[in-house]
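> Position chain S against the provided structure of chain Y, taking the given hints into account.
In order, the protein sequence lines correspond to chains Y and S.
At position 315 of the first sequence (counting the first as 1) the number is 407 in this note's numbering, and the numbers step up by one without a gap.
At position 293 of the second sequence (counting the first as 1) the number is 385 in this note's numbering, and the numbers step up by one without a gap.
Copies of the same chain are indistinguishable here, so a pair counts whether it falls within one copy or spans any two.
Lysine-lysine pairs mimicking DSSO-like chemistry, simulated, CA-CA at most 27 Å apart:
| # | residue 1 | residue 2 |
| --- | --- | --- |
| 1 | K222 | K281 |
| 2 | K393 | K343 |
| 3 | K105 | K393 |
| 4 | K172 | K315 |
| 5 | K322 | K343 |
| 6 | K253 | K130 |
| 7 | K322 | K222 |
| 8 | K393 | K315 |
| 9 | K393 | K256 |
| 10 | K124 | K256 |
| 11 | K172 | K253 |
| 12 | K253 | K124 |
| 13 | K105 | K368 |
| 14 | K368 | K322 |
| 15 | K105 | K343 |
| 16 | K368 | K400 |
| 17 | K343 | K368 |
| 18 | K221 | K322 |
| 19 | K343 | K281 |
| 20 | K281 | K221 |
Since the hints were derived computationally from the structure, they do not count as laboratory data.
Residues per chain, in single letters:
2 protein chains.
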Amino acid sequence: MTFNDTFLRSIRKESIDHVPVWYMRQAGRYQKEYLKIKEKYSLMQICEIPDLCAEVTISPVRQHNVDAAILYSDIMIPVKPLGVNVDIVAGIGPVIDNPIRSLADVQALRPLEPDNDLPATLETIRILKKELNVPLIGFAGAPFTLASYMVEGGPSREYHKTKKMMYSQPDIWQALMDKLGDMIITYMKSQVANGCAAIQIFDSWIGALSQDDYRRYVFPTMKRIFEGLKDLGVPKIYFGANTGHLLDQWKELDIEVVGVDWRIGLDRARTIVGDKFALQGNLDPVYLLAPYDVLEAEAAKIIDQGLKQPGFVFNLGHGLFPDVPEAAVTHLTQFIHDYSKRRLSER
Amino acid sequence: MTFNDTFLRSIRKESIDHVPVWYMRQAGRYQKEYLKIKEKYSLMQICEIPDLCAEVTISPVRQHNVDAAILYSDIMIPVKPLGVNVDIVAGIGPVIDNPIRSLADVQALRPLEPDNDLPATLETIRILKKELNVPLIGFAGAPFTLASYMVEGGPSREYHKTKKMMYSQPDIWQALMDKLGDMIITYMKSQVANGCAAIQIFDSWIGALSQDDYRRYVFPTMKRIFEGLKDLGVPKIYFGANTGHLLDQWKELDIEVVGVDWRIGLDRARTIVGDKFALQGNLDPVYLLAPYDVLEAEAAKIIDQGLKQPGFVFNLGHGLFPDVPEAAVTHLTQFIHDYSKRRLSER
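Okay, chain Y solo, but in the shape it has when bound (with noise of 0.2 Å):
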């Protein structure tokens, strides 16, 4: 079998002859098939199987024929090694019982070591880089959407106690960036020196921060942590839902690919971030419960803004839900292919 890396073309705005497609959550409960798995296995549990884990990952790239896979894993699975008690509830999301309310409690987390820490990651990298026929996307959190958790105890919709520490305790808060900055530069140099070929940073909740607080108090970390991954060699995908504000900032980063979310049109989001990114997005998911003929007019659409300009890859503007039809993923993807080679065959 031949490598597809139709993925990493269109983000160097190479020539393909298809828009490369992958979905946030590609592995997950909208499938059957993991759902079985979890039957048995918690996700933390399937992340400390390598071979379970690779085959997870796997499973979408074979169901669907998308063009890259991600790595299975939670961005909290790192951040236990800190020393932070984390478990991932189902229904609920991940649970911290002993938050972060002090600078000495930001002090008593450790430097992560990744081949100590997280050998089953590493481990299920390696194997997928053997078996996968497309690029490998390593992930991590980025700092503010992990620091919301270990603020907040868990899963949060206001992110009150957060920001509250940002505003009054500003050491506590940057302590806690830097520690979280140092992770994630780790942890991704050690996911891509293990077989990733790309890295996403998911700010998932950052778009609850103004303008101006995300320029005071994440920018600097952010600006930092794609300095320090400055020179690994692949691509760095930055995406955080509900970002269409921030994007003006996003644009001084050193990232390859901007992850658009799908609020904002594709076209916006060029004028906003200029020519020299990849975008990636940003069909919004709930179309994928809606009658194939106005799904593929919405995703037609939006590869027909995403290829006015090199450098392209077709995703959602949020991660896949349990609702979705498994058909219908693989009905868009096939109709992402077909159509987007239809349109690049007539250049």
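Positioned in the frame of chain Y, the structure of chain S alone reads:
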């Protein structure tokens, strides 16, 4: 006591001696007095007792010296008489046991007759018109936000059912928008006829839609509503959380005031909507948990931006929440008045 019409004067871009301010949810659970009342009465019960409802509405004006009152009510109150079995459940929000699932469900909704259906609300407004020395703001929920509860059956984070209806059954969706649009026009006319000096349409959850979906599925109804209220002779405010990406459509609406959430700066909002509108906003309410010097610096920044052009009302970018200290709200109000007086007198 003289009538303080600074709120209306500022919206009309007339001369003012201070920046007017009111807060979304200024009557609410952060107030000890309100919590005492809530021990005996539910939200719905308070709304049925005009003297009590008027008292709850007035209390933040007395407590903080804000420049406008907003009717104490809930966006679901006028939905109940249409035939929707809605209850406001403490700690959850509106819960509906007969959600909208079909065209027949929509057709079964009957028109609102405010005099018959909501006599307590109108009596409350008449009492307030006599007792208040500041303008009274009436309000309604916007069609998308109301529909999201009616279709989901309760609060939602992702609005899957609502969007699925939009995408899959656009005729049912439009019929629902039409019914709710009619209700809102009728309700707002009645509120103004009974004494409201301004109205605000809350589209709390509209930020979940993409620009294109908003344009297709919601904007025509918003256009019809505000055109239907053109001759009311009172200023119309439109607010939704997380709406930076929608503002350049909002500028096509017959409104006088654009409510801005905290994510984008007022400068940016003005760049998008132009100088036709007054702006209202946009402090992240979590700043009320910060030390006063941090709170004041942020408020001063917003006032400086707001005063760059005539037409500004200080507000939060979202509602007050239970953890906010009452004293911080009083302090902020005083600061806004003092600081803006100084800035205005320097001109």
